[in-house]
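Read off the chains here:
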Amino acid sequence: VTLPARGALGGVAFGGVALGCVALAGAALTSRSIGACAGPAVGPALEAGERARIESLSPLPPPPPSPENPVADDERAAELGRAYFFEARWSADGASSCASCHDPSREHADGRALPRARGHVGRHTPGLRGSAWMRWQAWDGRRDSVWSQALAPLESELEQGSSRARVARVVALHHAAAHEAVFGALPAALDASALPPDARPVPVEPAHPHARAWAALDLAQRDAVDPVFLDVGRALEAYVRRLAPGEAPLDRFVAALRRGEPRAADHLGDAGLRGLRAFVGEAGCFDCHHGPLLSDGEFHNLALPGRIGASERDRGRAEGARALLSSEHRCGGPRPRLGLPRAAPRCDELRFLDPARPELEGAFRTPTLRNVTRTAPYMHGGQLARLEDVLAFYRTLAGPARVGRRDHVLHALPRSVSTGDLLAFLASLEGEPLPARWTSPPPAPQALEARAPER
Amino acid sequence: VHVGSGRRVSRFARTWLAPSCFALAWLALAWLATAPVAGCWGGPRTDPEPRLPRLVEGPLRATTRGGLYRVEVVAVPRGPRTGELFRVRTRLRDAASGELLEGALVEVDAEMPHHGHGMTTTPVHRELGGGVYLSDGMRLHMPGRWELLVRVLTPVPDEARIEIEQPPAHPAAGPPDPHPGADP
Chain A
19 VTLPARGALG GVAFGGVALG CVALAGAALT SRSIGACAGP AVGPALEAGE RARIESLSPL
79 PPPPPSPENP VADDERAAEL GRAYFFEARW SADGASSCAS CHDPSREHAD GRALPRARGH
139 VGRHTPGLRG SAWMRWQAWD GRRDSVWSQA LAPLESELEQ GSSRARVARV VALHHAAAHE
199 AVFGALPAAL DASALPPDAR PVPVEPAHPH ARAWAALDLA QRDAVDPVFL DVGRALEAYV
259 RRLAPGEAPL DRFVAALRRG EPRAADHLGD AGLRGLRAFV GEAGCFDCHH GPLLSDGEFH
319 NLALPGRIGA SERDRGRAEG ARALLSSEHR CGGPRPRLGL PRAAPRCDEL RFLDPARPEL
379 EGAFRTPTLR NVTRTAPYMH GGQLARLEDV LAFYRTLAGP ARVGRRDHVL HALPRSVSTG
439 DLLAFLASLE GEPLPARWTS PPPAPQALEA RAPER
Chain B
16 VHVGSGRRVS RFARTWLAPS CFALAWLALA WLATAPVAGC WGGPRTDPEP RLPRLVEGPL
76 RATTRGGLYR VEVVAVPRGP RTGELFRVRT RLRDAASGEL LEGALVEVDA EMPHHGHGMT
136 TTPVHRELGG GVYLSDGMRL HMPGRWELLV RVLTPVPDEA RIEIEQPPAH PAAGPPDPHP
196 GADP
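These protein sequence lines map, in sequence, to chains A and B. Residues in the first sequence are numbered consecutively from 19, following the numbering used here. Residues in the second sequence are numbered consecutively from 16, following the numbering used here.
So here's chain A without its partners, still in its complex pose (with noise of 0.2 Å):
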């Protein structure tokens, strides 16, 4: 090698060590980018308005007020709806409960596409996580407070098949020191022991047992049963208000994101964050599945499939709607004299709520997805078995609708959203389990007094 090119090559390793240093001081210049690509600092690598949705999930604050339920966040009323929740000695076979279908060890859903109960019920048990925070209950939003939608099955021929008189006599029997510590004494004029088996108000099948045996009892056994039987809603709502999502590594991801922490998306992993980047952009999920609950709250018709036990010709919405605005326990419904409160409810919910809007044919609830790898079966007829089944629905959206038109706002998932993302990121949606108080039945049994009548 000659002198000069020994100094050609000196200068192009000069050079290049040079432009190296250059480059790796320019490198570490923009760290935080670094970190948004090497690391999962993900902050700068999100866009301000993917961002701000992703945000928007989190966290899931507590559960909006009851407004005619002034024991809804008190301990003592939870407890004792623990205890309703697990009665079974108010039902026609006296073996049911609320437990019965909405299993605690399976996110108070009964894992099965339809319930098994007393009758035919054509839609699938939802779970109860989470149902504190939705604007309407059940599939088709036919009760439009937690308390309400907890009396219904207990009146139900298909369900638990009971009735309030019923279940006054059992609160009398078994429950009056644990209710009378929530709710004050119960009704003077109930007499447990004057009450028939079964008295309820049956308003489209006037000649039912239960309905002539209502009329038969006199204004005052009326008037004492109904509060009693409010209150045991009451007590319901106030338990199924404990029954919270719990905490998921969504919420954790969330939390370190607004914090800044360079390692916020380890909550997440590699394929979450990509399924939560789709879920919140061009996989068009967050259109309906916004908000921390992962649900608008409100009804869509998807078009699905059939199954065989679901209807066929379930109007959904149209005929939740109507049975909700028809329902004695609506907000503002007519109220017996001795139920707690006596403030006036706005509901305003009600008066800007239309039955008759088109758009409310086939439709039914978006569920939220919290927990929702462990609430298989899916949709209101336990159509589809498990998610993957749910994204392949969404994927090619196949079939007619069987009732109605399906909702506009829904777009085939696009090749480019992988399905194992997804399906990473839904279960980031999984909460901390329930403390196991609630998830049993009170330790210890009901005091077992017998309430002496009082007339």
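Each hint should be verified, as a subset may be incorrect.
[Stated by the list, open to error] Sample of chain A residues lacking proximity to chain B, with all beta carbon distances greater than 10 Å (derived):
hint	residue
1	L191
2	E223
3	G309
4	R375
5	H426
6	A430
7	R433
8	P460
[To be verified] Some but not every residue of chain B turned toward chain A, in silico, with C-beta under 8 Å:
hint	residue
9	L75
10	T78
11	L100
12	G131
13	P158
14	P182
15	P183
16	A184
Hints were generated in silico from the structure; no laboratory data involved. Virtual Cβ for every residue (Gly too), placed ideally from N, Cα, C.
With chain A fixed as given, assemble chain B onto it according to the hints.
Same frame as chain A, but now just chain B:
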């Protein structure tokens, strides 16, 4: 010694230092060049679509399509959260004279044109007086792009459309107020 030492340096430079520095430099440059494309460059990127006003920025003003009226709408509460019931107060003026118009029938509705649907509620409408009209029972149940439709039904029908952006509900602000304050 001096020449020998220079030889050792140049051999080392030729065989190891220069190629590795080149490789390092090009790798770093390539990374720096691709980082912004991959969305990893520092600083937030902006949404591609032009920014639309939000209800909280009201009153929002528009002239009706036929040029007959000018409308000013303001939401109550001013920045309703996604899913929250709210009211809209509409101030109606004659476009030519600017005078407030009383005795008209004014209805406000909202649609998501990209989704092909409207609201899930059926608002009720009334006149408050002084050229101000109230539409109660509005709800934007999805975040995203909405159009407020201000329909003047009488004395002469005309309609204004106001595009707005509804931000996603922010839970840090607490749960939506189920009973927004009474309107005068």
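Cross-check of the supplied hints:
Every beta carbon of chain B lies more than 10 Å from that of L191 (chain A), the smallest distance being close to 37 Å; the non-interface claim holds. In this structure E223 (chain A) is separated from chain B by more than 10 Å, as the shortest Cβ-Cβ distance comes to about 31 Å. Remark: the non-interface label on G309 (chain A) conflicts with the geometry, its nearest Cβ contact in chain B lying 5 Å away (cut-off 10 Å). Here R375 (chain A) does not stay apart from chain B, with its beta-carbon only about 7 Å from theirs, under the 10 Å limit.
Here H426 (chain A) does not stay apart from chain B, with its beta-carbon only about 3 Å from theirs, under the 10 Å limit. No Cβ of chain B comes within 10 Å of the Cβ of A430 (chain A); the nearest lies about 15 Å off, and the non-interface call holds. The beta carbon of R433 (chain A) sits about 20 Å from the closest Cβ of chain B, which is more than 10 Å, so the claim that it is off the interface holds. Residue placement check: P460 (chain A) keeps its beta carbon more than 10 Å from all beta carbons of chain B (closest about 30 Å).
Among the interface hints, the one on L75 (chain B) is violated; its C-beta lies about 20 Å from the nearest C-beta in chain A, farther than the 8 Å criterion. At its closest, the beta carbon of T78 (chain B) sits 29 Å from a beta carbon of chain A; the interface hint therefore is violated under the 8 Å criterion. Taking 8 Å as the C-beta cut-off, the interface hint given for L100 (chain B) holds, the closest approach to chain A being about 5 Å. With its C-beta approaching chain A no nearer than about 3 Å, G131 (chain B) sits inside the 8 Å limit, and its interface hint holds.
Of the supplied interface hints, the one on P158 (chain B) holds, with its beta-carbon coming within about 6 Å of a beta-carbon of chain A, less than 8 Å. Below 8 Å, beta-carbon pairs count as interface contacts, and P182 (chain B) has one with chain A at about 6 Å; its hint therefore holds. For P183 (chain B), the interface hint holds, since its Cβ comes within 8 Å of a Cβ in chain A; the closest pair sits about 4 Å apart. The restraint placing A184 (chain B) at the interface with chain A holds, with a minimum CB-CB distance near 5 Å, inside the 8 Å limit.
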